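There are 2 protein chains.
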Amino acid sequence: MPTKTLEDLFLDGVKDIYYAERKIIAALKKMARGAEAEDLKAAFDKHLQETEGQVERLVQVFEILGKPARGKTCPAIDGIIEEGQEILEEFKGSPALDAGLLAAAQAVEHYEIARYGTLKSWALQLGRNDAAQLLDQTLAEELNTDQSLTRLAEAKVNREGKQKVA
Amino acid sequence: MPTKTLEDLFLDGVKDIYYAERKIIAALKKMARGAEAEDLKAAFDKHLQETEGQVERLVQVFEILGKPARGKTCPAIDGIIEEGQEILEEFKGSPALDAGLLAAAQAVEHYEIARYGTLKSWALQLGRNDAAQLLDQTLAEELNTDQSLTRLAEAKVNREGKQKVA
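So the protein sequences, as listed, match chains A and B. First residue of the first sequence: 1, per our numbering; consecutive thereafter. First residue of the second sequence: 1, per our numbering; consecutive thereafter.
Hints should not be assumed to be uniformly reliable.
A pair holds if it fits inside one copy or across any two, identical chains being indistinguishable in the list.
Straight-line alpha carbon distances no greater than 20 Å define the calculated EDC-like cross-link-like pairs of lysine to aspartate or glutamate that follow [stated by the list, open to error]: (1) Lys67 to Asp12; (2) Lys15 to Glu90; (3) Lys4 to Asp78; (4) Lys92 to Glu141; (5) Lys29 to Glu154; (6) Lys72 to Glu82.
I should point out that these hints are in silico values taken from the structure, not numbers from a laboratory. This one's a predicted model, so the numbers in the text were calculated from it and none came from an experiment.
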């Protein structure tokens, strides 16, 4: 008799992203301090505020499930953030630093897009429509942030990274 | 005088995804063996073949850059794959196993989508249009695979995961 259910998988996933979001808050603070361009700093600061709201939504999801808000170590986000940290160290003082930080932030966004998309789908399957709605709000924010970062990258950061070394 | 350029960042990124793709090949083999549903096994096998072609394209990108095809340890993919491995172990025999494996595969896809999107953009900025074209071909495949997995998840795997435990 299997003991693990989709409900268990869903709860594990919520714990995973709860851990991830709090790691992301710490990483975004470092990235905002490290970024050279003011508009990239501003983009990181804006997403930092948004992320704090996303953590609040996860606390509400835990409440819906009747479970304590508790994270579960997420090696994926640890690895993704580690790569951003490497960029900060290895490209400090380089004209390509901002392009690297922006790419690191987009890797974070895509991890979140994958996870929130999955969690929303599982919440709907489990009939947890209230949780699905909260997860969908965050998913929409993540998709929007990723698109804003792409626009910033293509319009400015990558171009400057190249021009300064040309 | 900064020594690191966008060209360095681009080469580091190609090495990172080259390492990642080869790790993904090994992980997909395990996931195809572990999956319960035949259509999920088939989806993993199909993507395995596609991934082998993507590695070949990266070898071509290294050739364009005049650099040896060499990977660079990518803690992000190591972490993402580790989470898939945890699902395989913790949900073995569970009706939710396939839903978990599918979610793990989508996290991998999104990592690749983020990286190939970035690398294509950098290749264009650097005037490496031949490399950009190769990277864009892989990006299109990854986006397509992610959409196929979403359809499979919503149509079948999550629903079965739920029904078997109901």
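To see whether the hints hold, each was checked on the structure:
no.: 1; hint: Lys67 to Asp12; in the structure: within (11 Å within a copy, 42 Å between copies)
no.: 2; hint: Lys15 to Glu90; in the structure: between (32 Å within a copy, 15 Å between copies)
no.: 3; hint: Lys4 to Asp78; in the structure: neither (26 Å within a copy, 25 Å between copies)
no.: 4; hint: Lys92 to Glu141; in the structure: neither (29 Å within a copy, 34 Å between copies)
no.: 5; hint: Lys29 to Glu154; in the structure: neither (23 Å within a copy, 36 Å between copies)
no.: 6; hint: Lys72 to Glu82; in the structure: both (18 Å within a copy, 14 Å between copies)
Hint compliance for this structure: hints 3, 4, 5 are broken, all remaining hints hold.
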